[in-house]
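2 protein chains.
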Amino acid sequence: MKYFKYLLIIAFSISLNSQNLNNDSAFIDEIYDEALSNGESYKWLDYLSNQIGGRLSGSINYDRSVKWGKEELDMIDIDSVWLQPVMIPKWVRGAPEYAHIESSPGNTISVPIAALGGSISTPSIGISANVIEVKNFKELNNIGRDSVKGKIVFYNRPMDPTLINTFEAYGGSVNQRTQGAVEAAKLGAIGVIVRSMTTSLDDYPHTGSTYYEGLSLNQRIPAAAISTNGAELLSSMLSLNSNIKFFFRQNSKNFPDVLSHNVIGQINGSEKPDEIIVIGGHLDSWDLGDGSHDDGSGIVQSMEVLRILKSLNYIPKRTIRVVLFANEENGLRGGNKYAAEAMLNNEKHFFALESDAGGFTPRGFSFDTSDKEFKTIKKFETLFIKYGMNNFFIGGSGADIGPLKDSKVILAGLRPDTQRYFDYHHAASDTFDKINKRELELGAAAMTALVYLLDNYKL
Amino acid sequence: MKYFKYLLIIAFSISLNSQNLNNDSAFIDEIYDEALSNGESYKWLDYLSNQIGGRLSGSINYDRSVKWGKEELDMIDIDSVWLQPVMIPKWVRGAPEYAHIESSPGNTISVPIAALGGSISTPSIGISANVIEVKNFKELNNIGRDSVKGKIVFYNRPMDPTLINTFEAYGGSVNQRTQGAVEAAKLGAIGVIVRSMTTSLDDYPHTGSTYYEGLSLNQRIPAAAISTNGAELLSSMLSLNSNIKFFFRQNSKNFPDVLSHNVIGQINGSEKPDEIIVIGGHLDSWDLGDGSHDDGSGIVQSMEVLRILKSLNYIPKRTIRVVLFANEENGLRGGNKYAAEAMLNNEKHFFALESDAGGFTPRGFSFDTSDKEFKTIKKFETLFIKYGMNNFFIGGSGADIGPLKDSKVILAGLRPDTQRYFDYHHAASDTFDKINKRELELGAAAMTALVYLLDNYKL
Numbered sequence: 090m091k092y093f094k095y096l097l098i099i100a101f102s103i104s105l106n107s108q109n110l111n112n113d114s115a116f117i118d119e120i121y122d123e124a125l126s127n128g129e130s131y132k133w134l135d136y137l138s139n140q141i142g143g144r145l146s147g148s149i150n151y152d153r154s155v156k157w158g159k160e161e162l163d164m165i166d167i168d169s170v171w172l173q174p175v176m177i178p179k180w181v182r183g184a185p186e187y188a189h190i191e192s193s194p195g196n197t198i199s200v201p202i203a204a205l206g207g208s209i210s211t212p213s214i215g216i217s218a219n220v221i222e223v224k225n226f227k228e229l230n231n232i233g234r235d236s237v238k239g240k241i242v243f244y245n246r247p248m249d250p251t252l253i254n255t256f257e258a259y260g261g262s263v264n265q266r267t268q269g270a271v272e273a274a275k276l277g278a279i280g281v282i283v284r285s286m287t288t289s290l291d292d293y294p295h296t297g298s299t300y301y302e303g304l305s306l307n308q309r310i311p312a313a314a315i316s317t318n319g320a321e322l323l324s325s326m327l328s329l330n331s332n333i334k335f336f337f338r339q340n341s342k343n344f345p346d347v348l349s350h351n352v353i354g355q356i357n358g359s360e361k362p363d364e365i366i367v368i369g370g371h372l373d374s375w376d377l378g379d380g381s382h383d384d385g386s387g388i389v390q391s392m393e394v395l396r397i398l399k400s401l402n403y404i405p406k407r408t409i410r411v412v413l414f415a416n417e418e419n420g421l422r423g424g425n426k427y428a429a430e431a432m433l434n435n436e437k438h439f440f441a442l443e444s445d446a447g448g449f450t451p452r453g454f455s456f457d458t459s460d461k462e463f464k465t466i467k468k469f470e471t472l473f474i475k476y477g478m479n480n481f482f483i484g485g486s487g488a489d490i491g492p493l494k495d496s497k498v499i500l501a502g503l504r505p506d507t508q509r510y511f512d513y514h515h516a517a518s519d520t521f522d523k524i525n526k527r528e529l530e531l532g533a534a535a536m537t538a539l540v541y542l543l544d545n546y547k548l
Numbered sequence: 090m091k092y093f094k095y096l097l098i099i100a101f102s103i104s105l106n107s108q109n110l111n112n113d114s115a116f117i118d119e120i121y122d123e124a125l126s127n128g129e130s131y132k133w134l135d136y137l138s139n140q141i142g143g144r145l146s147g148s149i150n151y152d153r154s155v156k157w158g159k160e161e162l163d164m165i166d167i168d169s170v171w172l173q174p175v176m177i178p179k180w181v182r183g184a185p186e187y188a189h190i191e192s193s194p195g196n197t198i199s200v201p202i203a204a205l206g207g208s209i210s211t212p213s214i215g216i217s218a219n220v221i222e223v224k225n226f227k228e229l230n231n232i233g234r235d236s237v238k239g240k241i242v243f244y245n246r247p248m249d250p251t252l253i254n255t256f257e258a259y260g261g262s263v264n265q266r267t268q269g270a271v272e273a274a275k276l277g278a279i280g281v282i283v284r285s286m287t288t289s290l291d292d293y294p295h296t297g298s299t300y301y302e303g304l305s306l307n308q309r310i311p312a313a314a315i316s317t318n319g320a321e322l323l324s325s326m327l328s329l330n331s332n333i334k335f336f337f338r339q340n341s342k343n344f345p346d347v348l349s350h351n352v353i354g355q356i357n358g359s360e361k362p363d364e365i366i367v368i369g370g371h372l373d374s375w376d377l378g379d380g381s382h383d384d385g386s387g388i389v390q391s392m393e394v395l396r397i398l399k400s401l402n403y404i405p406k407r408t409i410r411v412v413l414f415a416n417e418e419n420g421l422r423g424g425n426k427y428a429a430e431a432m433l434n435n436e437k438h439f440f441a442l443e444s445d446a447g448g449f450t451p452r453g454f455s456f457d458t459s460d461k462e463f464k465t466i467k468k469f470e471t472l473f474i475k476y477g478m479n480n481f482f483i484g485g486s487g488a489d490i491g492p493l494k495d496s497k498v499i500l501a502g503l504r505p506d507t508q509r510y511f512d513y514h515h516a517a518s519d520t521f522d523k524i525n526k527r528e529l530e531l532g533a534a535a536m537t538a539l540v541y542l543l544d545n546y547k548l
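As you go down the protein sequences, you meet chains A and B in turn. Residues 90 to 548 (the numbering used here) make up the first sequence, in order. Residues 90 to 548 (the numbering used here) make up the second sequence, in order.
Quick caveat, the hints were computed from the structure, so don't treat them as lab data. It cannot be assumed that every hint is accurate.
When chains are identical, the list treats them as one kind, so a pair holds in a single copy or across two.
Taking lysine to aspartate or glutamate pairs in the EDC-like style, the calculated list, with each CA pair at most 16 Å apart, reads [to be verified]: (1) Lys334 <-> Asp113; (2) Lys547 <-> Asp522; (3) Lys475 <-> Glu257; (4) Lys132 <-> Asp291.
All figures in this text were calculated on a predicted structure; none of them were measured in a lab.
Please work from the sequences and hints to get the whole structure.
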């Protein structure tokens, strides 16, 4: 054990002696100054959010964002920019959804819903049925087929407010949305309504993918999210009268896959050009808002990493590549395609960093790597104390870079403050006005600093 | 040195052995659960912000907030609630201000301004004059009396965007607002326009106090804040034509002091009732917004500390007192009065904690105490790691509790994330919709946890 520690210390001191850390610290200061004084990320996001807007896979807006991304990368004058073809799913929401609660014949209160991504349509005249409210699948299965058949299942388990990290609370509730339709259909339900995955009480339905795994086409039932205020109303009415009916109508539809693209740009490495550092986020978004936090922020922050390094005349040792991934939200085809091509071309990925947790004040990074590697990287943490972003921990990285995972690549994710993220996640409220310029820029600076450190690490 | 460390370790281990820290950690979990599940702070702030609104000292709204604060404290069933009389200044803004830039006779562009707190009125027909733009007092003095006389001085030094902590950037710019009128008047200027103290570019003028120290009544000149967009516009027009004129009109006015109150509530200590722990914020706000972040947040968080302790049936060892201070913004009379009365009554204050830096995600606490005391308190930091609030450092505390400072009392301030604070500070945009419920509640929980720890410290 002692011997092992000793080796680590030697290995560390080669690349991380105090003189180096001082130089690193000075350069990181320059990175932050550049990001906060001359940053382009906020202007870029303004355009992406307000001039392009929501950009669901398969939409014309997604293709507009591809064109925009390539043009902007061309303008920062890096070594190469190209489009990587990828087939992506196409699901469309169709005409606006409508839903109401009918407490007695003709006596209705409308509530805000949104079809879940991938959901089939209702019949054009809609669905009206009694409601079974449950908190989880166990409760649903205990109620059983006889009671569920012909009904609409209403999943109403809130995100746990006592979890400090809201992503954990999301993880503890999101199976209602992803698997709820399958579980309800198995018991003969005719539709599914899911409480929106958000920590706030408001009038926005929050969409997101649902899956029909294991169900044949004719077994599938329509599924929609209801706003949390709507869920509270429905639940409170059901507690007074379990006989009330719920009506909803949507005409969402799945189409055959379409051709689109990942957008890629890179600065060639000067010493180890064959070792690739990837920075990225996903260019697609849901259709309800303009995708400013999910994941417009990650896109412009990733682009900004290259711009900052260029503007500081930094010559990278390794090849630094930005990837604007296609189709994270409802397929992950962009991430899968990128990794498959990398394998096909025998590319060696040294480090991959994703930003896909919102454009809020960055608090640190999570790393998906070996304990040994993490132990060494964690020493960089001290360089981030002055920026308040010194929380390095073992955890996930990002969905899009996940498929790159092998025994060698170091994966990481930017970890911003999580408190506000699910207020806007997948909802019409995920818009540019929720972005704070400085918070966005601080994330880009932190990412640039980490990329710089990893570029100089283990040379 | 070694001996000293040894003593510290012994002293620390008496109150902070690992068994205690485990118990503390479990109780702090309960505090957070209560704050996040059953918190009242958000509802309270909704009322204070939306039903009462801006509550400048001397206004009827300030007195409404005193009445509300007392009633709410009465309802949480603590040992005593009372009002402490205090004479406070009364300044009123009067009719809405108006300003324009006149690039040629009759050719005007209006810009948003707001009279600075304490400023005198312009003549009722307003002031029109050429403009001298400067970044600081040195530049102004170099330009000299001959050029400044009869002009309007325009202070246009932005807050430094490269400082990570925006309060530092504020500290580096705010003398333009507080002393700008005095410095300009000395050189014969007839009015002052100050770039708003904010890190964002927008259309809101941000008010705040200006002072006329050393100027007789007839030497005083009117002073107003201009929005940052307005400042950029004015500066850019001046760079093309230094001969343009600026016009502004305001009819703000100072009145004689009026009687109002601090609101105080307390739970009596069970073991050391004579040692007082104070938690507080300031109940007054500027008049432009509804004062949700400055300092409605601090008010409801402080009240929530007592509510949480009561709801968990915690019996404090020391007396725990909440103070809703009067008149922080333009006089500090509430804080001064409270400290003066405490001295008069020979009260012993053991610990005082203020929240007056916005209702954003809490990051830690700053302590104004001896290095020795801080070293010991800093060990509590580990208890806050799981909540991401483990940044304890030596620094300021809060304006209202500042007058309590002596060699014995431990002073502290809640330190939330600072990135968004000055977007709203003293402006019409400081409103309830900028508050995130969870962020507010996390601050109240952190404060309660620290109060609990200090209540059990050095018994």
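Verification of the supplied hints:
1. Lys334 <-> Asp113: neither (64 Å within a copy, 49 Å between copies)
2. Lys547 <-> Asp522: Neither: 41 Å inside a copy, 48 Å across copies.
3. Lys475 <-> Glu257: between (27 Å within a copy, 13 Å between copies)
4. Lys132 <-> Asp291: between (29 Å within a copy, 15 Å between copies)
Hints 1, 2, counting from the list given before, are not met by this structure.
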